[in-house]
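Enquirer: Sequence lines, in order, name chains A and B.
Using the working numbering, you'd call the opening residue of the first sequence number 1 and step up by one each time.
Using the working numbering, you'd call the opening residue of the second sequence number 154 and step up by one each time.
One or more hints might be untrue.
To be verified - If you want the ones that stay clear, here's a sample from chain B, every Cβ over 12 Å from chain A, calculated: (1) Thr173; (2) Asp487; (3) Gly525.
To be verified - Beyond 12 Å from chain B on every Cβ pair, some chain A residues (computed): (4) Lys37; (5) Leu52; (6) Asp53; (7) Gly65; (8) Gly69; (9) Thr137.
What the hints assert, rightly or not - Only pairs whose alpha carbons sit at most 16 Å apart, straight line, appear in this in silico EDC-like list of lysine to aspartate or glutamate: (10) Lys437/B with Glu320/B; (11) Lys126/A with Asp780/B; (12) Lys261/B with Glu76/A; (13) Lys523/B with Asp224/B; (14) Lys175/B with Asp18/A; (15) Lys261/B with Asp18/A; (16) Lys175/B with Asp32/A; (17) Lys3/A with Glu30/A; (18) Lys68/A with Glu14/A; (19) Lys542/B with Glu749/B; (20) Lys827/B with Glu324/B; (21) Lys203/B with Glu277/B; (22) Lys20/A with Glu262/B; (23) Lys583/B with Asp780/B; (24) Lys408/B with Asp224/B; (25) Lys261/B with Asp25/A; (26) Lys437/B with Glu324/B; (27) Lys261/B with Glu29/A; (28) Lys126/A with Asp841/B; (29) Lys175/B with Glu14/A.
If you are wondering where the hints come from, they were derived from the structure by calculation, not from laboratory data.
Even glycine gets a Cβ: it sits at the ideal position worked out from N, Cα and C.
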Amino acid sequence: MEKISFILNGLSVELAVDPKARLVDVLREELDFTGTKEGCGQGECGACTVLLDGQAVNSCLVLVGQIKGRNVVTIEGLAKDGKLDPLQEAFIAEGAVQCGYCTPGMVLSAKALLMQNPLPSEQEIKEAIAGNLCRCTGYVKIVQAIKTAAASL
Amino acid sequence: MAFKWIGRPLPRQDAGGKVTGKTRFMSDLSFPGMLWGSVLRSRYPHALIKSIDTGEAARLPGVAAVLTHQDVPGLNGYGIVIQDQPVLCADKVRYMGDAVALVAAESKEIAAMALDLIRVEYEELPGVFNPEEAMQAKAPQVHASGNICRHTAVTHGDVEKAFASAEAIVENTYHTSCVMPAFLETEGGVAQIDDRGFITVWCGSHYPDRDVIQIARSLGLDKEKIRVIGNPVGGGFGGKDEITIQIHLALLALKTGRPVKIILNREESVVSGWKKHPMTIRMKTGAARDGTLVAHQVTIISDTGAYASLGGTILNSAVEHCSGPYRAPNAQVDGYCVYTNNSVSGAMRGFGVNQVTFAMETQMEILAEKLGMDRLAIRLKNGLQTGDKGPLGNEMITAMGPVQTLAAAGATDLWINRENYKANPSRPWKKRGVGLAAAIKGCGLGFRLPDYGTAVVELLPGGGFRLGVGCPEIGQGNSIAYAQMAAEVLGCHPDQVEVVTGDTAATPDSGTSTASRSVYVAGNAIIIAGKQMQQRLKEAVAEELGVPIEEVNLSEGLAAVGGKSISYAQLAEKILAGGAECSEMGRFHAPKAEKEIPGVYGLPHLVFGTHAHVVLLEVDTLTGQVDVLETVALPDAGRVINLQGLEGQSEGGTLMGMGYALTEEVVLEKGITKTLNFNNYIIPTAVDAPRVTTIPVEVMEQTGPFGAKGIGEAVCISITPAITNAIYDAVGVRITELPANLERVLAGLMNQGKTGISGHGRSISTS
Chain A
1 MEKISFILNG
11 LSVELAVDPK
21 ARLVDVLREE
31 LDFTGTKEGC
41 GQGECGACTV
51 LLDGQAVNSC
61 LVLVGQIKGR
71 NVVTIEGLAK
81 DGKLDPLQEA
91 FIAEGAVQCG
101 YCTPGMVLSA
111 KALLMQNPLP
121 SEQEIKEAIA
131 GNLCRCTGYV
141 KIVQAIKTAA
151 ASL
Chain B
154 MAFKWIGRPL
164 PRQDAGGKVT
174 GKTRFMSDLS
184 FPGMLWGSVL
194 RSRYPHALIK
204 SIDTGEAARL
214 PGVAAVLTHQ
224 DVPGLNGYGI
234 VIQDQPVLCA
244 DKVRYMGDAV
254 ALVAAESKEI
264 AAMALDLIRV
274 EYEELPGVFN
284 PEEAMQAKAP
294 QVHASGNICR
304 HTAVTHGDVE
314 KAFASAEAIV
324 ENTYHTSCVM
334 PAFLETEGGV
344 AQIDDRGFIT
354 VWCGSHYPDR
364 DVIQIARSLG
374 LDKEKIRVIG
384 NPVGGGFGGK
394 DEITIQIHLA
404 LLALKTGRPV
414 KIILNREESV
424 VSGWKKHPMT
434 IRMKTGAARD
444 GTLVAHQVTI
454 ISDTGAYASL
464 GGTILNSAVE
474 HCSGPYRAPN
484 AQVDGYCVYT
494 NNSVSGAMRG
504 FGVNQVTFAM
514 ETQMEILAEK
524 LGMDRLAIRL
534 KNGLQTGDKG
544 PLGNEMITAM
554 GPVQTLAAAG
564 ATDLWINREN
574 YKANPSRPWK
584 KRGVGLAAAI
594 KGCGLGFRLP
604 DYGTAVVELL
614 PGGGFRLGVG
624 CPEIGQGNSI
634 AYAQMAAEVL
644 GCHPDQVEVV
654 TGDTAATPDS
664 GTSTASRSVY
674 VAGNAIIIAG
684 KQMQQRLKEA
694 VAEELGVPIE
704 EVNLSEGLAA
714 VGGKSISYAQ
724 LAEKILAGGA
734 ECSEMGRFHA
744 PKAEKEIPGV
754 YGLPHLVFGT
764 HAHVVLLEVD
774 TLTGQVDVLE
784 TVALPDAGRV
794 INLQGLEGQS
804 EGGTLMGMGY
814 ALTEEVVLEK
824 GITKTLNFNN
834 YIIPTAVDAP
844 RVTTIPVEVM
854 EQTGPFGAKG
864 IGEAVCISIT
874 PAITNAIYDA
884 VGVRITELPA
894 NLERVLAGLM
904 NQGKTGISGH
914 GRSISTS
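Hey, can you work out the whole structure from these sequences and the hints?
Expert: Structure (structure tokens):
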């Protein structure tokens, strides 16, 4: 066990945890932030995507010892003051959500993209979410939602 | 008739919770004092269990329970049709996913350590991994009853005579691969027991009411003591229809008295979970000179793996759909569902129809070529229409859409101008092709099984309604369709309808969310319940205002008579005064065919959804890689209830059927799964996904709610042969074995000497 401090969704967090614990487990089991999902445990599916200092990362591949002092944003932290992020609004409006299990990771990968590249091409969108598997939607409405969100920014 | 809500592309009510992470899936739940459960799986694909020693594991600090077959209080078996799968194996294991023991411990880590400490002594048996070998008399026996789980043989008409009259006969053997649902949420959930000994299981499911029966039977408890909450589900696609971990969860809760959680990791899910049946299909099809199909002879060998589950039923579904969306006036079908020591096959989106439709739609192309006919023309000529007979002699008396969807496919720009689309591949060594295919898929449970929908509409204080339907929301979007149908009947906004699904203590049994049935049966039940509620509201208004009931008009949350109106909120205040309740139940029994097909248990279906696909793709002649560029999806779901939802089904189904066509395969070597995760089980990503344009073809079904029929499976069927047919169109390689991966396409190119490697490939590599 070690004391580890980091910023989670804008708030300081200090935890006594095993630094070798996976970030996804700490988020879900220690902190009850279950919006972060696990789908494969080896960085293939993207369901556990969070933002780490603004970059989309698979939290199943990050050990909590690696995030000391760093800035983590999960899906729970995306809406600001009760107002949904434009990406969240667009995912709802465009029908980009079916079972919803990939949705948090998908939205966060899209968020990382739009923070870097506010007006991405369709190909850039597809590449940005290529690490996020979705089995329900065929990605058509997800790509459309990201375009819609980008256009609204 | 103009509708207020039917057909509107309304956003789903559950989307807000899902985009914010607030939705709790079953694997997200936690309870105070909760233990972690783990399952000890088999070490061999086929072995006798000589002994199990749990002593050391049980003594490990932090372990609350170690359970074996001796701890199963009731029937140590489950299965939707035949209960041949042990909850915990007693004397024999039949596949690598078999459960041998359970552990509940204070942490995941301790549970894992305890699994390592369980000593199981096995005597390995020779296994059987090929269904055709399993059918031989001297093959190792998976079950004492023999390796043939179901044999279905049916003949309609005179096949021999019809073949003798045929102008062209095509005979081929097709192999389809083992694929899996690959839902993003693995099997996971929690069970808890209360002070009365009542157990609640939270676990993703296609049919919580049936899970209750299976859990109660194995625990030796009354069904009334079990509650299953089966949604929200992080994807099902058939793979959560049969029991996954529900009995294990309930058993651990019963034995420990504490909440217990199990989440299978991806690898364990892949090894133990339900797959689509790999099939070997021999098909001989004869046609007259004008392209009319005259004879069809089919042999199907289906590998159901170690346990039956729905294997026999899926075989029969394949038999029923053996000529795809086409007439076949003389047909002979011989089908075998066979046990092996491979993984377990069960329900998966399409239910046996993907396999035979892939074969049939390839036969049609070859026949067209032999007869010098247009690929679309031969299909239109043979398309099943209302009043036709299916290949097994059953009459199609409901709305049939093959001809209409195929005609619509033929009218698409992609089809009409296909030569233009093919003209300019992205690289000189790539070749483009356009393909077409169609499929039908029966909606509902067929002839034998009770097939009903039930809905309860309850008036709430405030004037809204709660709508309870047992069919779970597995992600497909049935709950927004339910809200729209209820709102249409009740004269309110869909937001005023709170939909509750998939909870055996809160929703009426409405059957499964499978078999493309939940909108069809539950929709009809909602209309019945809604009309009864409408009557109740009108009665209350008539009484309040002293007017005849016929003069009361309900719409937009208001009851209006002449110039006066009462809001539903005011009505609710009056009706519910003093704690009164106001709810109405509607029950719909799906119509059945007049008679069963002789020799084919449980069939036919009566209502069919249809889907056609047109696809443009590009084949890399150097690598064999196929890129699907453009698809047009043409679903006939009857009346569209929610256009956005239908498009979502079509787009997702298209991609799932594309994975089946091109990349997906669960590889097993002597019963050992080699593709354990998404690093080598390749499902399509966003980069692989083509554009999908959905064009609904509404062939109204009179028995359907507002004319709707089910489409959740048909959407993923026709795309597969449309792709393989497009590969042939591009490079002349005929795909008879799925998936059409790089190796297979390249081998086909090499066989015909068409690969760019030996020809002009090198010289253009600099371009």
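Enquirer: Evaluate each hint against the coordinates.
Expert: We went through each hint and held it up to the structure:
1. Thr173: violated, 6 Å
2. Asp487: Nearest chain A Cβ is 34 Å from Asp487/B, so the label holds.
3. Gly525: holds, 36 Å
4. Lys37: Its Cβ does come within 12 Å of chain B, the nearest being 7 Å, so this is violated.
5. Leu52: Check passes; 17 Å lies beyond 12 Å.
6. Asp53: Correct as stated: the minimum Cβ-Cβ distance to chain B is 20 Å, above 12 Å.
7. Gly65: Holds, because the least Cβ-Cβ distance between Gly65/A and chain B comes to about 17 Å, which exceeds 12 Å.
8. Gly69: At roughly 24 Å from the nearest Cβ of chain B, Gly69/A sits farther out than 12 Å, so the non-interface label holds.
9. Thr137: At roughly 5 Å from the nearest Cβ of chain B, Thr137/A sits no farther out than 12 Å, so the non-interface label is violated.
10. Lys437/B with Glu320/B: holds, 13 Å
11. Lys126/A with Asp780/B: holds, 15 Å
12. Lys261/B with Glu76/A: Violated. Lys261/B to Glu76/A sits at ~25 Å, over the 16 Å cutoff.
13. Lys523/B with Asp224/B: violated, 63 Å
14. Lys175/B with Asp18/A: violated, 27 Å
15. Lys261/B with Asp18/A: holds, 14 Å
16. Lys175/B with Asp32/A: holds, 11 Å
17. Lys3/A with Glu30/A: Distance of about 13 Å is within 16 Å: holds.
18. Lys68/A with Glu14/A: holds, 9 Å
19. Lys542/B with Glu749/B: holds, 14 Å
20. Lys827/B with Glu324/B: Cα-Cα ~33 Å, so violated.
21. Lys203/B with Glu277/B: Status holds; Cα separation ~10 Å.
22. Lys20/A with Glu262/B: This hinted pair holds, its Cα atoms lying about 13 Å apart.
23. Lys583/B with Asp780/B: Cα-Cα ~10 Å, so holds.
24. Lys408/B with Asp224/B: Answer holds: Lys408/B to Asp224/B is near 9 Å, not above 16 Å.
25. Lys261/B with Asp25/A: holds, 11 Å
26. Lys437/B with Glu324/B: Roughly 4 Å separates the two Cα atoms, so the pair holds.
27. Lys261/B with Glu29/A: Holds: Lys261/B and Glu29/A sit about 11 Å apart, inside 16 Å.
28. Lys126/A with Asp841/B: Holds, at about 9 Å.
29. Lys175/B with Glu14/A: violated, 23 Å
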